[in-house]
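For the record, the sequence lines run as chains F and G. Counting in the working numbering, the first sequence runs from 21 upward without gaps. Counting in the working numbering, the second sequence runs from 13 upward without gaps.
Since the hints were derived computationally from the structure, they do not count as laboratory data. Built from N, CA and C at the ideal position, the CB exists for glycine as well. Do not rely on the hints blindly, as some may be mistaken.
[Unchecked claim] The list that follows gives simulated cross-link-like pairs (lysine to any residue, SDA-like), each with its CA atoms no further than 20 Å apart: (1) F:K219 / G:D64; (2) F:K28 / G:K97; (3) G:K21 / F:I24; (4) F:K28 / G:S67; (5) F:K27 / G:D18; (6) F:K104 / G:G77; (7) G:K21 / F:E86; (8) F:K104 / G:V79; (9) F:K68 / G:V79; (10) F:K88 / G:D18; (11) F:K88 / G:D57; (12) F:K28 / G:L141; (13) F:K58 / F:S91; (14) G:K97 / G:S67; (15) F:K218 / G:S67; (16) F:K28 / G:N29; (17) F:K104 / G:A78; (18) G:K21 / F:P26; (19) F:K58 / G:D64; (20) F:K27 / G:N29; (21) F:K88 / G:D64.
[Stated by the list, open to error] Label-pair ranges, simulated between beta-carbon atoms: (22) G:E22 / F:K219: 14 to 20 Å; (23) G:T61 / F:H185: 47 to 53 Å; (24) G:K21 / F:Q138: 41 to 47 Å; (25) F:K219 / G:V142: 15 to 21 Å; (26) G:K21 / F:E142: 35 to 41 Å.
[Claimed, not checked] Some chain F residues judged to face chain G by a derived CB distance under 8 Å, without partners named: (27) L23; (28) I24; (29) F76; (30) T108; (31) L111.
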Amino acid sequence: MALINPKKREVQVKIVYYGPGRGGKTTNLEYINRKFKKRILSEMVTVKTYGDRTLFFDFLPFDMGEIKGHSIKIQLYTVPGQVKYNATRRLVLRGVDGIVFVADSMDLRREMNIRSLQNLKENLESFNKNMLNLPLVMQYNKRDLSEEGIPILPVETLQKDLNSHLKAPYFPASAVSGENVTATMKKIIALTVSSLRKKLE
Amino acid sequence: MDFTIDFTKEQIEAIENVLEEELIELGVQSIILMDLAGNVIVNLDSGETNHDVFSLAALAAGNYGAVSAMANIIGEQEFSLLFHKGEEESIHFSKVVEDLLLLTIFNKNVSLGFLRLKVAEAIKRIQLLV
Ligand SMILES: Nc1nc2c(ncn2[C@@H]2O[C@H](COP(=O)(O)OP(=O)(O)OP(=O)(O)O)[C@@H](O)[C@H]2O)c(=O)[nH]1
Ligand SMILES: [Mg+2]
Numbered sequence: 021m022a023l024i025n026p027k028k029r030e031v032q033v034k035i036v037y038y039g040p041g042r043g044g045k046t047t048n049l050e051y052i053n054r055k056f057k058k059r060i061l062s063e064m065v066t067v068k069t070y071g072d073r074t075l076f077f078d079f080l081p082f083d084m085g086e087i088k089g090h091s092i093k094i095q096l097y098t099v100p101g102q103v104k105y106n107a108t109r110r111l112v113l114r115g116v117d118g119i120v121f122v123a124d125s126m127d128l129r130r131e132m133n134i135r136s137l138q139n140l141k142e143n144l145e146s147f148n149k150n151m152l153n154l155p156l157v158m159q160y161n162k163r164d165l166s167e168e169g170i171p172i173l174p175v176e177t178l179q180k181d182l183n184s185h186l187k188a189p190y191f192p193a194s195a196v197s198g199e200n201v202t203a204t205m206k207k208i209i210a211l212t213v214s215s216l217r218k219k220l221e
Numbered sequence: 013m014d015f016t017i018d019f020t021k022e023q024i025e026a027i028e029n030v031l032e033e034e035l036i037e038l039g040v041q042s043i044i045l046m047d048l049a050g051n052v053i054v055n056l057d058s059g060e061t062n063h064d065v066f067s068l069a070a071l072a073a074g075n076y077g078a079v080s081a082m083a084n085i086i087g088e089q090e091f092s093l094l095f096h097k098g099e100e101e102s103i104h105f106s107k108v109v110e111d112l113l114l115l116t117i118f119n120k121n122v123s124l125g126f127l128r129l130k131v132a133e134a135i136k137r138i139q140l141l142v
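Here chain G stands alone, though its shape is the one from the complex (with noise of 0.2 Å):
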């Protein structure tokens, strides 16, 4: 197995203006499309932050991967909701493909039900994309 995807400009375009259209108009701080190796693909905020997103992509990746090995462990498939809540911030991790994470940072004044019900639209739409 190799964790290459190989995307054209035309693909990262049509992907950011999904996240876009379904994120950031949400009110979404920080957006990252990455790989399970740590790579950054696609990666949109809404102006107010500044966040290291290779060293965050890094550390998703391990957490991301840390998690679904105790999953596994306890004989999960894998874990569905995977979210850090923050005072101000939080992040949300979700899966779209095999080897493709979507990280999400967002603040309070962003719900969470909310932002699972957009990220799930995301989701299905890059689906198609990718």
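Same shape as in the complex, but just chain F (with noise of 0.2 Å):
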């Protein structure tokens, strides 16, 4: 849960993407890290194993302007989504706020994704939240390996295994050209600053 600074009035906001490995997390970040060179006033930090992948989370945070005059601070997470770091997953999600659930597209990846999924919803069990009451948005990422000539799912399909029981609001999007990638953090900034207006009144 988000937290309000009554003095500063200020409210950070805990956002993270999740995913089975390799999905393209943190490609996301990085190309928000570009993008929004300017709102970001800080390194976005890693930590990071051999080979690129997570090892135990990105973080971006990210100023939002104000909103009920509270100035919103958006911190932005990446898990590992290798399926050896649970432990660390779970630590990232603590006290989060949304979750943009990163599937990866390509054919092979099918199971991962299901499982991955899966893996969220006990995780947050854990933690006694139920994944149908908090702020979410598919991202079917890697559209692009099609032009490649490389088999991916059809959105169809990534919305019947993944989405027809959460009908989170979705996007196809591409991490490295950065299709959709704004849309994805701008919806699930909407969704979660929606939720907290509440508690801002």
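The two chains are supplied separately, each in an independent frame; assemble them into the complex guided by the hints.
And the structure:
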């Protein structure tokens, strides 16, 4: 849950990019970091391991301006997607306000997407949180791969696999080209901030 | 379990006073009271430093969580002292209450023994305020 500081009139909102390993979570944040350089006052923090995989998390703070007289600080995080890092994934999920699930559109990754979403559900349950009550946006990443002749899953299949029950807003995207990366971020911020509005009144 | 602790303006001011009296006066460079989600609740500094406190808090929350998980694996509740020593600057972590951490950044002019004593004092006083 967001932290509200009534003295500074500041709200810290935590948004976590979740999804299977190599799905493109870090690439999303790297794109945002480049594109919004002016609004990002500090360096992106990344805790990486051999071969550029996220070991712990990436962290990108982002100033959003004011809502109802409070300055809103958005904190974007990614989790490490590799299955073996579940303990660290759970640490990053602590106090989460909104989630972007970055699914990998590659045919080969179909099972991994489903398993990662199930893992998210279980981890949230361990904090007594229900995925259905949390702001969530689905991103179907790597759509650009079809142009290289690499088989990708149709959006309908991804929707059926991952989103038939959750019915979250979704975006086909390409984190490398930046397509729908900003749209995904704007959507999750809007959902999360609107769920906070009541608290700020 | 949720991690939000809502603070009033009065609480924040009272905590700031405690930290000022116990730690800033001792010569500590920078103090962050934070939750385990990585949120910064109170940040005070002596005016000599300009650290990126939000990134520090995010990393400290992860670090603390990782070390606590290590403690559990070897059958400990927690490690009571978390301390990173540098050439010039060092970082000291303490749990205040469940989910709240106090991070203190100090230089070699402050002795660790004295710092620990003062941190313990400050924590006792903060526990009465939250
Ligand atoms: N073609 C293509 N490649 C992508 C896209 N997004 C990410 N990649 C590539 O996929 C690889 C993995 O991307 P990362 O962003 O590191 O993936 P991650 O989800 O952070 O992975 P973990 O940190 O292991 O969880 C990199 O080589 C990226 O360049 C995309 O939209 N299209
Ligand atoms: Mg990554």
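Hint by hint, here is what the structure shows:
no., hint, verdict
1, F:K219 / G:D64, "violated, 28 Å"
2, F:K28 / G:K97, "violated, 32 Å"
3, G:K21 / F:I24, "holds, 10 Å"
4, F:K28 / G:S67, "holds, 19 Å"
5, F:K27 / G:D18, "holds, 12 Å"
6, F:K104 / G:G77, "holds, 17 Å"
7, G:K21 / F:E86, "holds, 19 Å"
8, F:K104 / G:V79, "holds, 17 Å"
9, F:K68 / G:V79, "holds, 18 Å"
10, F:K88 / G:D18, "holds, 18 Å"
11, F:K88 / G:D57, "violated, 28 Å"
12, F:K28 / G:L141, "holds, 19 Å"
13, F:K58 / F:S91, "holds, 17 Å"
14, G:K97 / G:S67, "holds, 19 Å"
15, F:K218 / G:S67, "violated, 28 Å"
16, F:K28 / G:N29, "holds, 16 Å"
17, F:K104 / G:A78, "holds, 14 Å"
18, G:K21 / F:P26, "holds, 5 Å"
19, F:K58 / G:D64, "holds, 16 Å"
20, F:K27 / G:N29, "holds, 14 Å"
21, F:K88 / G:D64, "violated, 26 Å"
22, G:E22 / F:K219: 14 to 20 Å, "holds, 19 Å"
23, G:T61 / F:H185: 47 to 53 Å, "holds, 49 Å"
24, G:K21 / F:Q138: 41 to 47 Å, "holds, 42 Å"
25, F:K219 / G:V142: 15 to 21 Å, "holds, 19 Å"
26, G:K21 / F:E142: 35 to 41 Å, "holds, 38 Å"
27, L23, "holds, 4 Å"
28, I24, "holds, 7 Å"
29, F76, "holds, 5 Å"
30, T108, "holds, 7 Å"
31, L111, "holds, 4 Å"
Checked against the numbered hints listed earlier, the structure breaks hints 1, 2, 11, 15, 21; every other hint is satisfied.
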